[in-house]
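Enquirer: Just need the whole structure built from these sequences, with the hints factored in.
Residues per chain are reported as follows:
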Amino acid sequence: QKEVEQNSGPLSVPEGAIASLNCTYSDRGSQSFFWYRQYSGKSPELIMFIYSNGDKEDGRFTAQLNKASQYVSLLIRDSQPSDSATYLCAVWVGALTFGSGTRLQVQP
Amino acid sequence: DAGVTQSPTHLIKTRGQQVTLRCSPKSGHDTVSWYQQALGQGPQFIFQYYEEEERQRGNFPDRFSGHQFPNYSSELNVNALLLGDSALYLCASSPRTGNYGYTFGSGTRLTVV
Chain H
1 QKEVEQNSGP LSVPEGAIAS LNCTYSDRGS QSFFWYRQYS GKSPELIMFI YSNGDKEDGR
61 FTAQLNKASQ YVSLLIRDSQ PSDSATYLCA VWVGALTFGS GTRLQVQP
Chain U
1001 DAGVTQSPTH LIKTRGQQVT LRCSPKSGHD TVSWYQQALG QGPQFIFQYY EEEERQRGNF
1061 PDRFSGHQFP NYSSELNVNA LLLGDSALYL CASSPRTGNY GYTFGSGTRL TVV
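Taken in order, these protein sequences are the chains called H and U. Once you know that position 4 of the first sequence is 4 in our numbering, the rest is easy, because the numbers rise by one and skip nothing. Heads up: take any position in the second sequence, counting from 1, add 1000, and you land on our numbering.
Derived from the structure by calculation, the hints contain no laboratory data. Mixed in with the good hints there might be a few duds.
As the list claims (entries may be wrong) - So the derived label-pair ranges between C-beta atoms look like this: (1) U:Asn-1059 / H:Lys-42: 19 to 27 Å; (2) H:Leu-46 / U:Glu-1053: 21 to 29 Å; (3) U:Asp-1030 / H:Gly-16: 42 to 50 Å; (4) H:Pro-81 / U:Leu-1039: 21 to 29 Å.
Claimed, not checked - Using 20 Å as the maximum straight-line C-alpha spacing, the simulated EDC-like pairs for lysine to aspartate or glutamate come out as follows: (5) U:Lys-1026 / H:Glu-3; (6) H:Lys-67 / H:Glu-3; (7) H:Lys-42 / U:Asp-1085; (8) U:Lys-1013 / U:Glu-1075; (9) U:Lys-1026 / U:Glu-1075; (10) H:Lys-56 / H:Asp-83.
Stated by the list, open to error - Partner residues are not named here, just some residues of chain H that face chain U (Cβ under 8 Å, in silico): (11) Pro-44; (12) Leu-46; (13) Phe-49; (14) Ser-52; (15) Ala-95.
Built from N, CA and C at the ideal position, the CB exists for glycine as well.
Expert: So this is what it looks like as structure tokens:
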């Protein structure tokens, strides 16, 4: 079992819709959870991090954490074509461990 | 405020050769982690350095080695290159705990032919 699992996609949503990206992790001791965005040919950039169960909102982005279910999600409201990228879920247990990423396509 | 800088940006090497990649961390960061990202995959953790010592290591062979200097900059060395080592090599820096996430450099694209 992979430590961090994501659906590879692509996830295709129309412009203005809500994009929902999901991630599960295997280590119950994980304390910190991160979402990175990576445009093609570029390096990952941090979007959000979350430590506590529940929701954390930052602009159009909302991260959701459920430690009992070992599940992390990222919601992107009012999706824009510029949001088209690969979204990487990462879990910190001494070092950051990444999932394989979900490719998001926002259709104009 | 300078971010994480990596050099070179691109590199082509022949199978069996050795390569050294370089990284300068973001100002204020003392910990450097190296990742390998193959096409279509997420970054895979190679190792992490702080206080000039390797502190954690991922599932990579001994052909991969590193170093951290007193100014916190770091090198990644790969010996006896294989075709499968072709990837984007990412350096990330953070404060010691890393709880606030890592800042990534733009990466070095290594092609082994």
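Enquirer: If any of the earlier hints don't hold here, list their numbers in rising order.
Expert: 5 and 14
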